[in-house]
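Visitor: If you want the building blocks of each chain, they are given just below.
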Amino acid sequence: MLSALLVMAALAVVIGGALGYAAVRFRVEGDPLVDKIDAILPQTQCGQCGFPGCKPYATAIAGGEAEINQCPPGGEEGIRKLADLLGREFKPLNAENGVEKPKSVAVIDENTCIGCTLCIQACPVDAIAGAAKQMHTVVDPLCTGCELCIAPCPVDCITMEPVGETVDTWKWHYPVIPIKTAA
Amino acid sequence: MLQKLFKFNGGVKPATNKAASTRDPIKPVPMPRQLVVPLHQHVGGTPHPLVEAGEQVLKGQRIGAADGNVSSAIHAPTSGRVLAIEPRVMAHSSGLSSLSVVIEPDGEDRWIDTAPMPWRSMSPDEIRDELRDAGIVGLGGAVFPSHLKLKPGNEGTHTLVINGAECEPFITCDDLLMRERGDQIVRGALIMQAMLKAQRVLVGIEDNKPEAIAQMQAAVQRNGTTSMQVIAIPTRYPAGGAKQLIRVLTGIEVPHGRRSTDYGVQCFNTGTAYAIADAVEKGRPLISRIVTVAGNVERPGNYEVLFGTPMDHLAALAGIKADTDRFIMGGPMMGFRMPAYDVPVVKATNCVLVGSEALFPAPAPEMACIRCGECARACPADLQPFELYWHSRAKNFGKAQEYHLFDCIECGCCAYVCPSHIPLVDYYRFAKSEVWARERQKDAADVARERFEFRNERIEREKREKAEKLAAKTAASRAAASSAPGAEQGEAAPAAASTAADDSKKALIAAAMARAKAQRDAADQAAAPVATPPASAPDSAPATTAPAPQDRSI
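These protein sequence lines are chains A and B, in that order. Quick note: the first sequence uses the numbering used here, first residue 2, plus one each step. Quick note: the second sequence uses the numbering used here, first residue 13, plus one each step.
Since the hints were made in silico from the structure, they are not lab data. The hints are all genuine.
EDC-like, lysine to aspartate or glutamate: derived pairs with alpha carbons at most 16 angstroms apart:
1. A:K56 - A:D32
2. A:K172 - B:D438
3. A:K172 - B:E446
Footprint (simulated), chain A over chain B, 3 or more residues, beta carbon under 8 angstroms:
4. 100 to 106
5. 437 to 446
6. 460 to 468
Chain B is nowhere near these chain A residues, computed Cβ spacing over 12 angstroms in every case:
7. V29
8. E68
9. E90
10. G99
Just so you know, even glycine gets a beta-carbon here, dropped at the ideal spot from N, CA and C.
Throw the hints in and build the complete structure from the sequences for me.
Guide: Written as structure tokens, this is what we have:
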């Protein structure tokens with residue numbers, strides 16, 4: 002009886018020690034799930050999900066505080082990927098957060114811009130160049146199309162222009178079998 | 013000299029259809045009314061235009077400068093006036109437009125001043141820069157800038173392969189070039205050999221071109237070089253694929269994810285060798301190439317065509333038959349259907365294949381894959397086309413990549429042998445472009461994430477620095493105030509004003525405000541109002557990248 006107790010106690014001490022050591026030695030900094038979710042999100046940083054950026058939204062999803070269907074730029078494909086990753090049910094995009102739109106970039110009308118710098122402060126990725134009382138312009142390869150610069154503009158000189166297809170970005174279509182009309 | 017030849021797996025033997033277009037020598041093309049020269053004709057960056065509408069240009073004048081090192085220059089194919097620089101429909105399946113220089117020929121065809129390149133006394137880097145500015149790209153169809161390939165590999169390059177296989181049906185432009193201008197091809201190959209420091213040059217030609225083989229052998233003999241060998245290889249599509257030709261000639265099998273240069277072999281098309289000789293010996297940039305016109309025409313043949321010549325202008329010379337319904341750039345196996353008849357001939361155009369419903373009937377309806385494995389037997393890249401097909405069809409791109417989707421050379425052998433008539437290559441092209449699009453998206457997202465995080469960090473840092481500065485200032489003013497009360501009110505007032513802007517330091521602000529008030533009262537009592545600066549101009553705020561909003565009233 003006593004020996005059995007001693008054996009169990011010794012086992013508990015040994016295993017406990019090993020676990021305690023492992024907890025310190027193999028400690029994971031940060032939440033790897035947040036990074037995985039963040040990698041799926043489109044990084045538009047538009048805030049349409051109700052969080053101030055993609056990373057905060059990823060943190061909220063990982064913490065169970067947010068649904069996976071709140072990201073309009075990620076679209077249906079993004080929701081499917083999140084559902085796959087998290088083992089949740091697919092849900093259609095929440096219309097309250099917005100609708101899926103083709104990728105666009107902001108364009109500043111250079112004749113109307115008064116150089117107020119408000120859009121520069123609003124841009125989450127520093128994609129607008131300019132200075133006070135100088136004309137501003139959008140560095141379009143860096144623009145994520147978040148539309149955050151539109152509201153602050155006092156003269157409404159920013160418009161969203163859809164990004165057209167070029168020879169370099171053109172994609173082959175999915176091969177479809179043409180259905181012949183009945184003779 | 014006997015050369016041991018090797019074999020590549022797979023391949024097919026479609027009807028070659030080459031005899032009709034090899035009867036006549038290479039013919040010139042009368043000057044078209046307009047030349048539309050697209051700026052983006054090669055792999056890599058789009059050249060930026062160097063001319064403006066209305067400007068006069070000379071033949072061979074550079075009109076587009078290479079954008080970075082992975083790019084190549086573009087030149088005016090003839091002398092004349094630039095009518096416009098505008099988007100025009102490209103010779104591309106998409107039917108999209110790209111920026112082109114439209115030139116109206118003046119009929120004089122006047123060259124710029126050209127001079128031979130003293131290449132033997134130039135450093136390899138200088139020669140490469142010159143070739144880039146002469147617009148030399150691979151003319152076999154891939155249009156990869158040649159100067160990037162003319163560098164010895166890490167382990168050195170022992171063999172230079174000149175690709176004269178020309179395995180695709182209907183196309184005979186390299187055949188005719190070798191028959192008629194073998195001497196210059198040999199000279200170009202020797203220049204490349206010198207640049208690569210290669211010990212030997214192997215010219216591989218399919219054995220269905222006996223005249224070309226004989227002419228090239230004679231040219232090598234006339235030149236007197238002993239390191240060059242012309243080798244006849246068995247006719248089997250796609251023997252002209254770079255990896256396949258290297259395999260046949262040297263026995264070296266270039267594995268997945270590696271380049272032939274890692275194994276000391278470099279491969280160039282005969283047309284590229286010819287163009288390099290032109291650029292080096294005469295100082296003439298690449299402005300024309302030999303193009304085969306074949307298919308549904310009265311007189312198939314080969315023409316020396318200026319880039320920018322509309323395809324219908326060219327094909328009309330061969331007599332387009334009435335039932336023509338399409339132009340294909342390239343051959344029947346790998347070619348692309350053109351979106352319009354008047355798209356310009358570009359550096360990649362080796363053949364304008366005129367098609368009709370009778371000549372190329374629409375494929376039979378696609379049926380289910382019966383897993384016969386014929387495609388795997390035909391694949392010259394040793395892939396498993398049926399696996400690639402299933403994964404591409406299911407849009408399971410990660411899996412397709414695991415089966416080495418990007419090693420597929422889109423030769424079309426699998427679709428050619430498929431008993432179910434599945435357009436396999438269409439699926440691979442679809443999968444490849446989806447993967448590329450995703451990669452572009454991911455790269456853009458990574459950049460956005462990085463910039464967003466950097467911005468947040470910067471804002472935090474600015475806030476911190478501001479707070480530190482304020483704290484330091486308050487401490488200093490407090491010390492000053494305690495040592496000499498009433499003497500420093502000019503300094504204390506703005507500090508108080510700017511602290512009011514900072515929410516996080518409410519307590520400090522309150523204290524500072526009280527102090528400032530006390531000081532002001534003291535000063536007022538002392539009746540010594542030393543210039544109190546306006547509170548709206550705090551000089552203690554650190555410079556931010558975005559100036560304060562009140563600056564906007566212009």
